[in-house]
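Peer 1: The lines below spell out each chain.
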Amino acid sequence: VKNLFGDAPLRILAITALLVALFLAFLAIQILLVPFVAALFVVYLFEPVVIVLQRRGMDRGRAFLILLGLSFVGIVIILSLMPQWLRQETLGSSTTFTERMSHQLGTVERWVDIRLPMLQSSGIADQLTTRAAALGSRLFEQVPGLITSFFVNLLLVPFIAYFMIRDGKTLKRHAVKLVPNRYFEMSLIMFNRIDQQIGAYLRGRLIECILVGSTQVLCMVIASVFVDQRYILLIAAVCGITNMIPYLGPVMGTVFGAILYLGTGLPITSIYGLIAASAGAHLMDNIFIAPAVLSHNVDLHPLTVALVLVIGGELLGTLGLLIAIPVASTIKVIGQEFYANYQLHVRT
Amino acid sequence: MKADGIWGNIFRIGPRKDSLAETLQNILLFQELSPKELKILERLVHVRTYDVGEPVFVETEPGAGMYIIRTGRVDIVLQHRSENRIVLSELAAGDFFGEMALLGDTTRSATAIARERSELIGFFHPDLVEIINLHPSMGANICLGLSKTLAERLRYTNAQLRDVWQMRGHSEESLR
Chain A
13 VKNLFGDAPL RILAITALLV ALFLAFLAIQ ILLVPFVAAL FVVYLFEPVV
63 IVLQRRGMDR GRAFLILLGL SFVGIVIILS LMPQWLRQET LGSSTTFTER
113 MSHQLGTVER WVDIRLPMLQ SSGIADQLTT RAAALGSRLF EQVPGLITSF
163 FVNLLLVPFI AYFMIRDGKT LKRHAVKLVP NRYFEMSLIM FNRIDQQIGA
213 YLRGRLIECI LVGSTQVLCM VIASVFVDQR YILLIAAVCG ITNMIPYLGP
263 VMGTVFGAIL YLGTGLPITS IYGLIAASAG AHLMDNIFIA PAVLSHNVDL
313 HPLTVALVLV IGGELLGTLG LLIAIPVAST IKVIGQEFYA NYQLHVRT
Chain B
113 MKADGIWGNI FRIGPRKDSL AETLQNILLF QELSPKELKI LERLVHVRTY
163 DVGEPVFVET EPGAGMYIIR TGRVDIVLQH RSENRIVLSE LAAGDFFGEM
213 ALLGDTTRSA TAIARERSEL IGFFHPDLVE IINLHPSMGA NICLGLSKTL
263 AERLRYTNAQ LRDVWQMRGH SEESLR
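Protein sequence lines, in the order shown, are assigned to chains A and B.
Using my numbering, the letters of the first sequence map in sequence onto residues 13 to 360.
Using my numbering, the letters of the second sequence map in sequence onto residues 113 to 288.
Next up, chain A with everything else stripped away, as it sits in the complex (with noise of 0.2 Å):
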């Protein structure tokens, strides 16, 4: 084969069976992905205070399970101790939901009607409310599985996540092993500077969400004074989660607070009211929270974050949407290590 075709063509031809086995492994380890990343999530988290039980004297693994427990009280604690007001209220069942929201886009469409004559031609108003209700009769539908997949992820997620408190410097240090001399130091700075800028900022990311959460929460409430606000505690909970993909991710929260108000008969002001609290909490995290908890940001550029966005939605949806960030800034250390050493070679 070589004789046949050179080197070059062997090279291609590795690379490219390689990066099929990658891509066949990539679909492989998808169902895994989105226990793996929450688990990653959960570790940098717990991180700082594993540390200090470590100092302790307590083994990781045991300082994970003990945080665990706690968490987990802690949030049973919040829970039973939340006015009912506050708590999640039943949706009703998907007929209902999908009468609701046909009937209430149905009253938006009138007043396009009147107030924007030229949208009519095109049939804007009837394709949203067509789409709109499909999307929330496929939602009802898929309830049952995302429950259970749920599920499955509240279980899986610890376990995952207390093998890697425990075990994962000594894989690290396994993988580390099997690296060349001649890469070794290269590699050894390269994973330090990746744990060192993903730890900071997955940490940074998920203290902004529950801080936004908490904003979310309060706003609402502030809106409740003057509009009917209603499942205050799940729609905070969704626009923290959203909150970590940059810039789609607080209209992401608003929109589906949107949804679940126009499927449950809510009048059009406590959308209104909605509005204005998730603006109020944004407003506050880009004043307050962001520049606080960010300090150590990944430094990419917006046109590339949008970039990447686009891209991770593409290939993974909304999981895709999450890890964008982390994977580029991964992806832009790996380069910088491996373009400073290409620069000194080419100087010496």
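Mixed in with the good hints, there may be bad ones.
[To be verified] The calculated lysine to aspartate or glutamate pairs, modelled on EDC-like cross-linking and capped at a C-alpha distance of 20 Å, are:
| no. | chain 1 | residue 1 | chain 2 | residue 2 |
| --- | --- | --- | --- | --- |
| 1 | A | K344 | B | D217 |
| 2 | B | K151 | A | D71 |
| 3 | A | K184 | B | E154 |
| 4 | A | K189 | B | E144 |
| 5 | A | K181 | B | E242 |
| 6 | A | K189 | B | E242 |
| 7 | B | K151 | B | E242 |
| 8 | B | K151 | A | D125 |
| 9 | B | K260 | B | E144 |
| 10 | A | K189 | B | E166 |
| 11 | A | K184 | B | E242 |
| 12 | A | K189 | A | D207 |
| 13 | A | K181 | B | E154 |
| 14 | A | K189 | B | D187 |
These are calculated hints, taken from the structure and not from any lab test.
Position chain B against the provided structure of chain A, taking the given hints into account.
Peer 2: Chain B alone, transformed into the frame defined by chain A:
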């Protein structure tokens, strides 16, 4: 009891190699550490083997930490790729080098090349940071050892500088 020929052959395992902890204990940086702390250190260091002529690290490349020679010999050289390479020192088992990189982001000031097949123990900046985070008193002891080593090197460099100046005919007064 002295082993007879048969038993001697059965139990012969070649020249005795010190355990990792024993090798580490003999290094100035780790002399203040307790046996328990040496065990912790033993789990953190990396053992690597280098063939004859293989570079351990190269001048101007970013450095991550220090190496201790467990077996073999290592040359520290300047301009290793050119014909006018300068051998700064020849190190043997028990010696260590590259400790300045333990302090953080630095580039290597010289190249280290294995003169013969060598087994080296690597101790790196992230490991030192981990020790400082998890075992502060142990970290302080290592940092103290590191300071002593660097002070020793500085004193040696000063003495050499003094010799050079004196050879050039400068008086003691002008040195001050």
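Peer 1: List, from low to high, the hint numbers that the structure doesn't satisfy.
Peer 2: 4, 8 and 14
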